[in-house]
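Trainee: Okay, here's what each chain looks like letter by letter:
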Amino acid sequence: MQPFLDGVLSHDEVVEAQRHLDKCNWCAKRYHFEERLRHYVRVATIEPMSAELKQKLAALRTPL
Amino acid sequence: MSESAPSTAEARRLAEEARARVRFEEEALELSDQVYRVARRLAGSREEAEDLVQQTYERAFRSWRQFTPGTNMRAWLLRILTNLNIDRGRRQQRSPQTTSLDTEAGDYFLYNKLEAQSPDGAVDEDRVLERLSQDSIVDALAEVPHDFRDVIVLVDIGDFSYADAAQILDIPIGTVMSRLHRGRRILKRNLADTVVPT
Numbered sequence: 322m323q324p325f326l327d328g329v330l331s332h333d334e335v336v337e338a339q340r341h342l343d344k345c346n347w348c349a350k351r352y353h354f355e356e357r358l359r360h361y362v363r364v365a366t367i368e369p370m371s372a373e374l375k376q377k378l379a380a381l382r383t384p385l
Numbered sequence: 011m012s013e014s015a016p017s018t019a020e021a022r023r024l025a026e027e028a029r030a031r032v033r034f035e036e037e038a039l040e041l042s043d044q045v046y047r048v049a050r051r052l053a054g055s056r057e058e059a060e061d062l063v064q065q066t067y068e069r070a071f072r073s074w075r076q077f078t079p080g081t082n083m084r085a086w087l088l089r090i091l092t093n094l095n096i097d098r099g100r101r102q103q104r105s106p107q108t109t110s111l112d113t114e115a116g117d118y119f120l121y122n123k124l125e126a127q128s129p130d131g132a133v134d135e136d137r138v139l140e141r142l143s144q145d146s147i148v149d150a151l152a153e154v155p156h157d158f159r160d161v162i163v164l165v166d167i168g169d170f171s172y173a174d175a176a177q178i179l180d181i182p183i184g185t186v187m188s189r190l191h192r193g194r195r196i197l198k199r200n201l202a203d204t205v206v207p208t
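Residue numbers (our numbering), protein chains in the order written: chain A, 322 to 385; chain B, 11 to 208.
Isolated chain B (complex conformation):
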């Protein structure tokens, strides 16, 4: 009898751990739509995004003990995904050079351009937004160099805070803010190319 006591405790511990693991996996799977949504825009193609998400979940389920319950699991998953994305050598790819163009394009580049173009100086927002097809937005975003795009995707599409984005990408929060600012300018310049006939 004295020998079975510790093994009962051990069995209980194992059962508790198994339940924690199931909870973890369920919670992670509930986030998969949101994880994919961000992954799709971080990756260059649908196939790449699907591979990344699958590898992320494989890794997450293997190392689930490293997750601290009560912290932001979505950010934790995205951190894994971002690291995998970097491991794939995406960083070695030559990103399109940002020319000085984006420094010429201010925050209101698109709006100013539209305003200057309309005869009475009034911008019809509905008409402008209608002209932006879904494809043109996706393309304009894809053409933003990845360092800037990552931040836009996490903050503007993934709804992550500056602090979460900084942690996910392992960069200072100030860098998140400056890349976000510059990235949005580049995005608007790209959109202006679609919307404003030259």
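Here chain A stands alone, though its shape is the one from the complex:
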């Protein structure tokens, strides 16, 4: 399931995994939970960069 979630399976493997999920409720429930949890973690860990840092980085540019 991890490689499937990571999108690294071949086309045939994806078809096979999808077919399995269609008929196996046990895996399907876990798959959807994993997918949502991963998305949730990704969103929750976003912390915007401070404006000060952004300015500091811009100031590193070579003067024209």
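Some clues are possibly wrong.
Pairs of lysine to aspartate or glutamate residues, derived as EDC-like cross-links and limited to a Cα-Cα distance of at most 16 Å, are as follows [unchecked claim]:
#1 A:375 x B:57
#2 A:375 x B:35
#3 A:375 x B:68
#4 B:123 x B:134
#5 B:123 x B:135
#6 A:377 x B:97
#7 A:350 x B:203
#8 A:350 x B:57
#9 A:350 x B:134
#10 A:377 x B:68
#11 B:123 x B:36
#12 A:375 x B:36
#13 A:350 x B:117
Listing some non-contacts, in silico: residues in chain A with all C-beta distances to chain B over 12 Å [to be verified]:
#14 327
#15 331
#16 333
#17 335
#18 336
#19 338
#20 340
#21 342
#22 343
#23 344
#24 360
#25 366
If you anchor each label on the Cβ, the simulated ranges turn out as follows [to be verified]:
#26 B:74 x A:337: 43 to 51 Å
#27 A:322 x B:43: 25 to 33 Å
#28 A:348 x B:97: 41 to 49 Å
#29 A:380 x B:134: 45 to 53 Å
No lab work stands behind these hints, which were simulated from the structure alone. The model shown is predicted, which means the values in this text are computed figures rather than measured ones. Idealized CB from N, CA, C, for every residue including glycine.
Dock chain B against chain A, hints included.
Mentor: Positioned in the frame of chain A, the structure of chain B alone reads:
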């Protein structure tokens, strides 16, 4: 006149190089939000992340000629950042020992635990995810030992491929996959501690 010809060519070359440099710097700066986002989770604190990103850009702008145009600049920047992070001696810090706990926690540890707990065996995903505050997720991730966390941060948060993550961390791709797998288990075990009352 014959003397000015080479210097004109030289001037043109310099002008072209200056333009390439400006393009490089602009492209790098456009990626800074994404670089910071990954850096913030690789580093232990906001201050550390900010220092790392700043040093990364200083180094990148100094050695911009080493970047091969057309290749993945975000991965190139993260490679610099990761090396700086290692230079800071983070690796020497004692990471919390992973106990055998994570080997007991399977891929579906969290889900199984939730399922076992609900009276009718149905897991209400919305309610579970609501219980996970942003802080609890950030803490759960921060508690994953760094070797595993680095890979999770690059792949799951930074959207890097296994191959890019392997290159950035200078480890084999198989190691990326095994650390990712184990790291995610550890993360879910940590989350289970928050979500599932014992």
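Trainee: Of all the hints numbered above, which does this structure not satisfy? Sort the numbers upward.
Mentor: 6, 7, 8, 11, 14, 24, 25
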